[in-house]
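Q: Numbering of the sequence shown is given in this note's numbering, commencing with residue 1 and proceeding in unit increments.
No wet-lab data here; the hints were simulated from the structure.
This structure is a prediction, so every number in the text was calculated from the model and none was measured.
Check each hint, because a few of them may be wrong.
Below, in silico cross-link-like pairs of lysine-lysine (BS3-like), each with a Cα-Cα straight-line distance of 25 Å or less [what the hints assert, rightly or not]:
#, residue 1, residue 2
1, Lys196, Lys120
2, Lys264, Lys32
3, Lys200, Lys120
4, Lys264, Lys120
5, Lys120, Lys32
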Amino acid sequence: MTLKPQLTHRDLRIDGAAVHLVSVSKASPGSKTLLLLHGAGMDQRVWAPLLAEFAAHNVPALAVDLPGHGRSEGAALTRVSAIADWVLRLTDTLGEERLALAGHSMGAIIALEAAALLGKQVSALGLIAAAFEMPVNAALSAAAEKDLERAAAMISSWAFGPAAQARGEAEAGRRMIAQSPPGVLAADLRACASYKGAAKAAEQIRCPTVVVAGAKDRMTPAGRGRALAEAIAGAQFVELPEIGHMPIIEAPALVADALVRISK
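Between the sequences and the hints, there should be enough to build the whole structure, so can you do that?
A: Right, here's the structure in full:
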């Protein structure tokens, strides 16, 4: 069993707003920090199972609350390109010369866009539950605008595989989304739906990359993840049987293994 890691919480300021981060394992000289970007309506807490795994592997990892999410100040940004630009300012503030990037769902396309902009500064890239395009169900978009509780219930019912539903993990995911600040989920879904830059960004990626998909993913089917992997030079594709849209919660050890292989 993976032991609960010792987490370090800290805040810094970007664009005059407080940004909250949580980290595990101090980086040793020459090591590459893994920066983790969460998905729509969520925050850094969604990475807790992965942080435990990274601690066990002695991999320095850092999870951030995106603007307007969790304990970070500011308004949620509504374009992936704008969030990727913010990630660049975050990396400048962190002072990391080389880092690995990983993102889940919305966070994955942000990581892809940011990696294309950062170029050689990114040593490795992990894209989890991602695709070239991430269209949003019309009923979900409407619920996110007017009924957050209903939207959270819809996502939790679609995002988790059968085993995770039985274990109660879907309910934990529902609560996290339902507790997100007003308007944040709607802003995130607009960012996902409007993003069309994945193909161009994929052409510019030259670092070791892995795309992780759940075979039971109803929101971003595994075949779309495979197509994204095939568009990135040398990318690996990992499909996890019986796993849904939330591999970082449903199968953290398997996801960690895939990310550790490319980030060390």
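Q: Does each hint hold? Answer for all of them.
A: Checked hints:
1. Only pairs whose Cα atoms come within 25 Å are accepted, and lysine 196 paired with lysine 120 is accepted, the gap being roughly 23 Å.
2. Between the alpha carbons of lysine 264 and lysine 32 the distance comes to roughly 7 Å, so the proposed pair stays at or under 25 Å and holds.
3. For the proposed pair lysine 200 and lysine 120, the alpha carbon gap of about 17 Å is at most 25 Å, so the pair holds.
4. Between lysine 264 and lysine 120 the CA atoms are separated by roughly 16 Å; this keeps the pair inside 25 Å, and the hint holds.
5. Taking the CA atoms of lysine 120 and lysine 32, the gap is near 13 Å; set against the 25 Å cutoff, the hint holds.
Hint check: no violations occur; every hint is consistent with the structure.
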